[in-house]
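Residue numbers (this note's numbering): 1 to 347.
Be aware that one or more of the hints could be misleading.
In the BS3-like style, the derived pairs of lysine-lysine whose C-alpha atoms are separated by at most 30 Å in a straight line are [as the list claims (entries may be wrong)]: (1) Lys55 x Lys8; (2) Lys193 x Lys35; (3) Lys117 x Lys35; (4) Lys194 x Lys221; (5) Lys193 x Lys117; (6) Lys135 x Lys145; (7) Lys221 x Lys169; (8) Lys8 x Lys117; (9) Lys4 x Lys190; (10) Lys194 x Lys8; (11) Lys295 x Lys56; (12) Lys169 x Lys4; (13) Lys280 x Lys229; (14) Lys98 x Lys31; (15) Lys56 x Lys194; (16) Lys169 x Lys98; (17) Lys53 x Lys295; (18) Lys117 x Lys190; (19) Lys194 x Lys169; (20) Lys135 x Lys117; (21) Lys229 x Lys194; (22) Lys135 x Lys169; (23) Lys4 x Lys221; (24) Lys193 x Lys169; (25) Lys56 x Lys145; (26) Lys117 x Lys280; (27) Lys135 x Lys221; (28) Lys190 x Lys53; (29) Lys169 x Lys53; (30) Lys4 x Lys55; (31) Lys35 x Lys56; (32) Lys295 x Lys229; (33) Lys4 x Lys232; (34) Lys295 x Lys31; (35) Lys35 x Lys221; (36) Lys117 x Lys56.
Label-pair restraints from in silico Cβ distances [what the hints assert, rightly or not]: (37) Glu109 x His215: 33 to 41 Å; (38) Arg69 x His311: 43 to 51 Å; (39) Arg69 x Ile39: 30 to 38 Å; (40) Arg317 x Ile168: 25 to 33 Å.
Just so you know, these hints were derived from the structure itself, not from any lab.
Predicted model only: the values in this text are computed from it and were never measured.
C-beta atoms are modelled at their ideal positions from N, C-alpha and C, and glycine is treated no differently.
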Amino acid sequence: MTEKERIKRCIHFEEIDRTPWHIGYTSELAKMVMKAMDIDEEEYTVLGENVLKYKKLDDFFGNHLTLVRNRAVNSMQEVRPDIWRDEWGVLWDRSIDKDIGTPVNCILEDMDLDMLKIPNPHDEERFAHFLPLIKANQNRYTLVKFSYTLFERAWSLRGMENLFMDFIKNPRFVHELFTKINDFNLALVKNFKKYPVDGIIFGDDWGWQRGLMMHPDTWRKFIRPYLEKTYKQAHRQGYDVFIHSCGDISAILDDLVEIGVNVFNPFQPEVMDISSVIEKYSGRLAFYGGLSIQKTLPFGTREDVRSEVSHRLELARKFGGYIISPSHDMPPDIPLDNIHAMMEALA
C-alpha cells in the first residue's frame with residue numbers, strides 16, 4: 001500500500017495496513033535537521049528556486065503527504081529587509097516569524113473595495129511548480145495548501161480589529177469583501193482540474209486557546225456560506241476537503257461535517273480532548289495532527305514523546321480516520337532527540 005493509498009483509505013475510514021503520519025516543519029527547523037543529518041538539498045533545485053528542496057527531508061521522515069502551495073513560487077517579494085509583499089499587496093514583517101509574519105499595512109482601511117487588486121487566478125505561473133512536485137512525490141498524497149482562505153485573507157486586508165467591528169457595523173461590506181475573495185477561491189479550485197490533485201487543505205484560523213474568536217452564530221452568518229460553496233466545488237472535482245484552523249473550534253465541528261469537511265487539522269491537544277473528540281466523530285470526520293508542539297515535543301523527555309505517539313497510534317487503531325502529526329509545523333525549539341523519538345515510535 002502506497003502512502004497515497006494509505007491516506008485515501010484512512011480518511012474515509014477504510015481498512016489500512018498501518019497508521020499514516022506526516023511530520024511538518026518550519027523552514028528554520030528544516031535547515032537545522034538537514035544540517036544535523038547531512039541532507040543535501042541541491043539535487044532538487046528546479047524552476048530557478050528550490051521548490052523541491054525538502055524532498056529528501058520528506059523522504060527522511062517517511063511523510064505521507066506532498067503539500068503544494070496554491071500560489072506562484074515568486075509571489076512573495078522582499079521589498080526591504082524582513083518585509084515581504086504578497087500577491088494581494090499585504091506587507092508582512094518576517095523579522096521574527098520567518099515563514100508567515102505579521103501584516104504591517106492595511107489596504108482596506110477606508111473600506112474602499114476599488115483599492116483591492118485581486119490576483120489573477122488563471123496565471124499559469126502560479127501552477128508551474130505543481131507537476132514537478134507531484135512527479136517527484138508520486139507515491140504521496142497530493143494536498144494543495146490553500147492558505148488564508150477567507151477570514152484570514154479578509155482581516156489581512158482590512159485589519160483584524162476593523163473586521164470584527166464590521167461584523168456588527170458594516171455587514172454588507174463584509175459580504176461584499178467575502179464574495180470577492182471567495183470568487184477568486186472558486187476560480188483557483190476550478191483550475192486545479194488540470195493537475196493530479198488528491199485533496200485541498202483550506203487554511204483559515206477561527207480559534208484560539210479558549211474557543212472561537214467570534215460567536216458561533218457570527219461564523220455561521222458570515223463565513224459558513226462561502227466555505228460551503230468552495231467545499232462543494234472541491235468535492236465536485238473529486239477532491240477530499242481538509243481544513244486547518246488553529247485553536248478550539250469544537251463549537252462548529254458539526255457545521256464543518258455538514259458542509260463537507262473530510263479532515264480537520266491541526267487538532268491541538270492543549271485545546272481539545274483528543275480521545276473524546278476522535279471517538280465522537282469516528283466515521284464522520286477524520287483528524288490530522290494531535291502531537292503537542294507546545295509541551296511534549298519541545299519540553300518533554302524522549303519517553304514522554306514516545307508515550308504520546310503510542311497513545312495516538314492506539315486511538316488510530318481503535319477509531320480510524322487519523323493522520324498522526326505534530327499539531328503544527330515544528331518550530332526550531334524542538335530538540336533533535338525528541339524528533340528521533342517521535343520517528344522511532346511512528347515507524
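Tested hints:
no.: 1; hint: Lys55 x Lys8; in the structure: 21 Å, holds
no.: 2; hint: Lys193 x Lys35; in the structure: 37 Å, violated
no.: 3; hint: Lys117 x Lys35; in the structure: 41 Å, violated
no.: 4; hint: Lys194 x Lys221; in the structure: 33 Å, violated
no.: 5; hint: Lys193 x Lys117; in the structure: 25 Å, holds
no.: 6; hint: Lys135 x Lys145; in the structure: 17 Å, holds
no.: 7; hint: Lys221 x Lys169; in the structure: 14 Å, holds
no.: 8; hint: Lys8 x Lys117; in the structure: 37 Å, violated
no.: 9; hint: Lys4 x Lys190; in the structure: 22 Å, holds
no.: 10; hint: Lys194 x Lys8; in the structure: 20 Å, holds
no.: 11; hint: Lys295 x Lys56; in the structure: 28 Å, holds
no.: 12; hint: Lys169 x Lys4; in the structure: 47 Å, violated
no.: 13; hint: Lys280 x Lys229; in the structure: 26 Å, holds
no.: 14; hint: Lys98 x Lys31; in the structure: 12 Å, holds
no.: 15; hint: Lys56 x Lys194; in the structure: 26 Å, holds
no.: 16; hint: Lys169 x Lys98; in the structure: 35 Å, violated
no.: 17; hint: Lys53 x Lys295; in the structure: 29 Å, holds
no.: 18; hint: Lys117 x Lys190; in the structure: 20 Å, holds
no.: 19; hint: Lys194 x Lys169; in the structure: 42 Å, violated
no.: 20; hint: Lys135 x Lys117; in the structure: 33 Å, violated
no.: 21; hint: Lys229 x Lys194; in the structure: 20 Å, holds
no.: 22; hint: Lys135 x Lys169; in the structure: 49 Å, violated
no.: 23; hint: Lys4 x Lys221; in the structure: 36 Å, violated
no.: 24; hint: Lys193 x Lys169; in the structure: 39 Å, violated
no.: 25; hint: Lys56 x Lys145; in the structure: 20 Å, holds
no.: 26; hint: Lys117 x Lys280; in the structure: 43 Å, violated
no.: 27; hint: Lys135 x Lys221; in the structure: 41 Å, violated
no.: 28; hint: Lys190 x Lys53; in the structure: 28 Å, holds
no.: 29; hint: Lys169 x Lys53; in the structure: 47 Å, violated
no.: 30; hint: Lys4 x Lys55; in the structure: 16 Å, holds
no.: 31; hint: Lys35 x Lys56; in the structure: 12 Å, holds
no.: 32; hint: Lys295 x Lys229; in the structure: 37 Å, violated
no.: 33; hint: Lys4 x Lys232; in the structure: 22 Å, holds
no.: 34; hint: Lys295 x Lys31; in the structure: 22 Å, holds
no.: 35; hint: Lys35 x Lys221; in the structure: 48 Å, violated
no.: 36; hint: Lys117 x Lys56; in the structure: 37 Å, violated
no.: 37; hint: Glu109 x His215: 33 to 41 Å; in the structure: 25 Å, violated
no.: 38; hint: Arg69 x His311: 43 to 51 Å; in the structure: 32 Å, violated
no.: 39; hint: Arg69 x Ile39: 30 to 38 Å; in the structure: 21 Å, violated
no.: 40; hint: Arg317 x Ile168: 25 to 33 Å; in the structure: 47 Å, violated
Of the numbered hints listed earlier, those contradicted by the structure are 2, 3, 4, 8, 12, 16, 19, 20, 22, 23, 24, 26, 27, 29, 32, 35, 36, 37, 38, 39 and 40.
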